[in-house]
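J.: One-letter residues, chain by chain:
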Amino acid sequence: LAKTTQPISMDSYEGQEVNITCSHNNIATNDYITWYQQFPSQGPRFIIQGYKTKVTNEVASLFIPADRKSSTLSLPRVSLSDTAVYYCLVARRQAGTALIFGKGTTLSVSS
Amino acid sequence: DVKVTQSSRYLVKRTGEKVFLECVQDMDHENMFWYRQDPGLGLRLIYFSYDVKMKEKGDIPEGYSVSREKKERFSLILESASTNQTSMYLCASSPNPTSGGNTGELFFGEGSRLTVL
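Residue numbers (the working numbering), protein chains in the order written: chain B, 676 to 786; chain A, 62 to 178.
None of these hints come from the bench; they were simulated from the model.
Model, not experiment: these values are computed from the prediction.
Beta carbons are placed, not taken as given, at the ideal position from N, Cα and C, and that holds for glycine.
Warning: the hint list may mix true and false statements.
In silico lysine-lysine, BS3-like type, Cα no more than 30 Å apart, as pairs [said to hold, decoys possible]:
(1) B:Lys678 x B:Lys778
(2) A:Lys64 x B:Lys678
(3) B:Lys744 x B:Lys729
(4) B:Lys778 x A:Lys118
(5) A:Lys74 x B:Lys678
(6) A:Lys118 x A:Lys79
(7) B:Lys727 x B:Lys778
(8) A:Lys132 x A:Lys114
(9) B:Lys729 x B:Lys778
(10) A:Lys64 x A:Lys79
(11) A:Lys131 x A:Lys74
(12) A:Lys116 x A:Lys132
(13) A:Lys74 x A:Lys116
(14) A:Lys132 x A:Lys118
(15) A:Lys116 x A:Lys131
(16) B:Lys744 x A:Lys118
(17) A:Lys131 x A:Lys64
(18) A:Lys74 x B:Lys778
(19) B:Lys678 x A:Lys79
(20) B:Lys729 x B:Lys678
(21) A:Lys118 x B:Lys678
(22) B:Lys778 x A:Lys116
(23) A:Lys64 x B:Lys778
Far from chain B by the CB rule (all over 12 Å, computed), these chain A residues [said to hold, decoys possible]:
(24) Leu72
(25) Val73
(26) Lys74
(27) Leu106
(28) Glu117
(29) Ser126
(30) Glu130
(31) Lys131
(32) Leu139
(33) Glu140
(34) Thr144
(35) Asn145
(36) Thr147
(37) Asn157
(38) Glu166
Pulled out of the complex, with its shape left as it was, chain A reads as follows (with noise of 0.2 Å):
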């Protein structure tokens, strides 16, 4: 089975602190992907990245920075954790179509809920 795992579930941080979700994945997908997920809003697309060191933004990429240095390994980077930040965090990864994988095909983790006071 594919297992992405996000290194925190809970994290309670002050505003102004840098925080680090740090996410990895075990089956080579080239894709990684990291969403917010808010009440009434759905999951939102944050960054994303298709390729070590590679990195494209979504939909809401303000205050967040992302890194990925190693295939299985895709950080999101909040540099001033602010109040509005607090939310659940997801990690997702696919396999690209040519590798035999399924396109849209996401495997999630489990979640990181961030709290920001």
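Bound-form chain B, shown alone (with noise of 0.2 Å):
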């Protein structure tokens, strides 16, 4: 299973564009990079997925290198309410996967 390492924290101000990035040096070639965020006292919700290059939704994007070895979450013009504990969870695509995630970045805002 491919190990994550993210920073501990990292602040920002509203209106700024927040990167978060994760190191997983040993990732497979069947594992996806998924992120995920978490406000205090509820359970982490997804936000994006990727394999390869860039994915990008209404919440994020989410960039991957070619050699995979990193990705980085990219969050546009953050507000107050994206203050949360993000989590950098790299899984194998096959059914029986323990899914294993690192300590989580937490991202403060302020105003």
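Put the two chains together into one complex, using the hints given.
T.: As structure tokens, then:
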């Protein structure tokens, strides 16, 4: 299973773009990269998932370089409500996969 | 919407008690997971199950057991609760890739905060 490494914390101001990078040096060919967001007293929720290059949805973008050894979650123009813990998860595309989270990145957005 | 329901939001138990944490999902997902979350340690996988009556150990299975008698229900059991098991417990489910779901797309419950005195 690929181990992930993220910064423990990041600070930002409202309106800025925030990029959170996750390192996963031993990612396997059939692993996908998924990001989750967690607010206090709630379970994490799925944000975005990708395999290579770039994926964009209404919430975020995910950039994955060709070697796939890292990935970057990009949050455009953050607001105070984006203050949360963000987790990167690398998962094998097969049934019965253990889904192991890293320690996550605490993003604090200030006005 | 997928719903994952955990039976209790808050529990207080005494050392040595047997504790059951119940989790039910309504989307016919094959996979179910139990995590615990502690400050500074993130989410740690205790056990998971990929089919009825099947179970696999996660990173921290010691002191826990699980039961999956029906597809929609996954129970976490603390045979003899200890103070170091005071934590937030999160249940999640996910579909298998072959059924069209996304690998790694987990749906979480609200969590059960357990305090062991």
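J.: Look at each hint and say if it fits the structure.
T.: Tested hints:
{"no.": "1", "hint": "B:Lys678 x B:Lys778", "verdict": "11 Å, holds"}
{"no.": "2", "hint": "A:Lys64 x B:Lys678", "verdict": "29 Å, holds"}
{"no.": "3", "hint": "B:Lys744 x B:Lys729", "verdict": "14 Å, holds"}
{"no.": "4", "hint": "B:Lys778 x A:Lys118", "verdict": "19 Å, holds"}
{"no.": "5", "hint": "A:Lys74 x B:Lys678", "verdict": "34 Å, violated"}
{"no.": "6", "hint": "A:Lys118 x A:Lys79", "verdict": "20 Å, holds"}
{"no.": "7", "hint": "B:Lys727 x B:Lys778", "verdict": "23 Å, holds"}
{"no.": "8", "hint": "A:Lys132 x A:Lys114", "verdict": "9 Å, holds"}
{"no.": "9", "hint": "B:Lys729 x B:Lys778", "verdict": "24 Å, holds"}
{"no.": "10", "hint": "A:Lys64 x A:Lys79", "verdict": "27 Å, holds"}
{"no.": "11", "hint": "A:Lys131 x A:Lys74", "verdict": "26 Å, holds"}
{"no.": "12", "hint": "A:Lys116 x A:Lys132", "verdict": "12 Å, holds"}
{"no.": "13", "hint": "A:Lys74 x A:Lys116", "verdict": "26 Å, holds"}
{"no.": "14", "hint": "A:Lys132 x A:Lys118", "verdict": "18 Å, holds"}
{"no.": "15", "hint": "A:Lys116 x A:Lys131", "verdict": "12 Å, holds"}
{"no.": "16", "hint": "B:Lys744 x A:Lys118", "verdict": "27 Å, holds"}
{"no.": "17", "hint": "A:Lys131 x A:Lys64", "verdict": "16 Å, holds"}
{"no.": "18", "hint": "A:Lys74 x B:Lys778", "verdict": "27 Å, holds"}
{"no.": "19", "hint": "B:Lys678 x A:Lys79", "verdict": "33 Å, violated"}
{"no.": "20", "hint": "B:Lys729 x B:Lys678", "verdict": "21 Å, holds"}
{"no.": "21", "hint": "A:Lys118 x B:Lys678", "verdict": "17 Å, holds"}
{"no.": "22", "hint": "B:Lys778 x A:Lys116", "verdict": "24 Å, holds"}
{"no.": "23", "hint": "A:Lys64 x B:Lys778", "verdict": "25 Å, holds"}
{"no.": "24", "hint": "Leu72", "verdict": "15 Å, holds"}
{"no.": "25", "hint": "Val73", "verdict": "17 Å, holds"}
{"no.": "26", "hint": "Lys74", "verdict": "20 Å, holds"}
{"no.": "27", "hint": "Leu106", "verdict": "6 Å, violated"}
{"no.": "28", "hint": "Glu117", "verdict": "7 Å, violated"}
{"no.": "29", "hint": "Ser126", "verdict": "17 Å, holds"}
{"no.": "30", "hint": "Glu130", "verdict": "18 Å, holds"}
{"no.": "31", "hint": "Lys131", "verdict": "18 Å, holds"}
{"no.": "32", "hint": "Leu139", "verdict": "20 Å, holds"}
{"no.": "33", "hint": "Glu140", "verdict": "22 Å, holds"}
{"no.": "34", "hint": "Thr144", "verdict": "22 Å, holds"}
{"no.": "35", "hint": "Asn145", "verdict": "19 Å, holds"}
{"no.": "36", "hint": "Thr147", "verdict": "16 Å, holds"}
{"no.": "37", "hint": "Asn157", "verdict": "5 Å, violated"}
{"no.": "38", "hint": "Glu166", "verdict": "5 Å, violated"}
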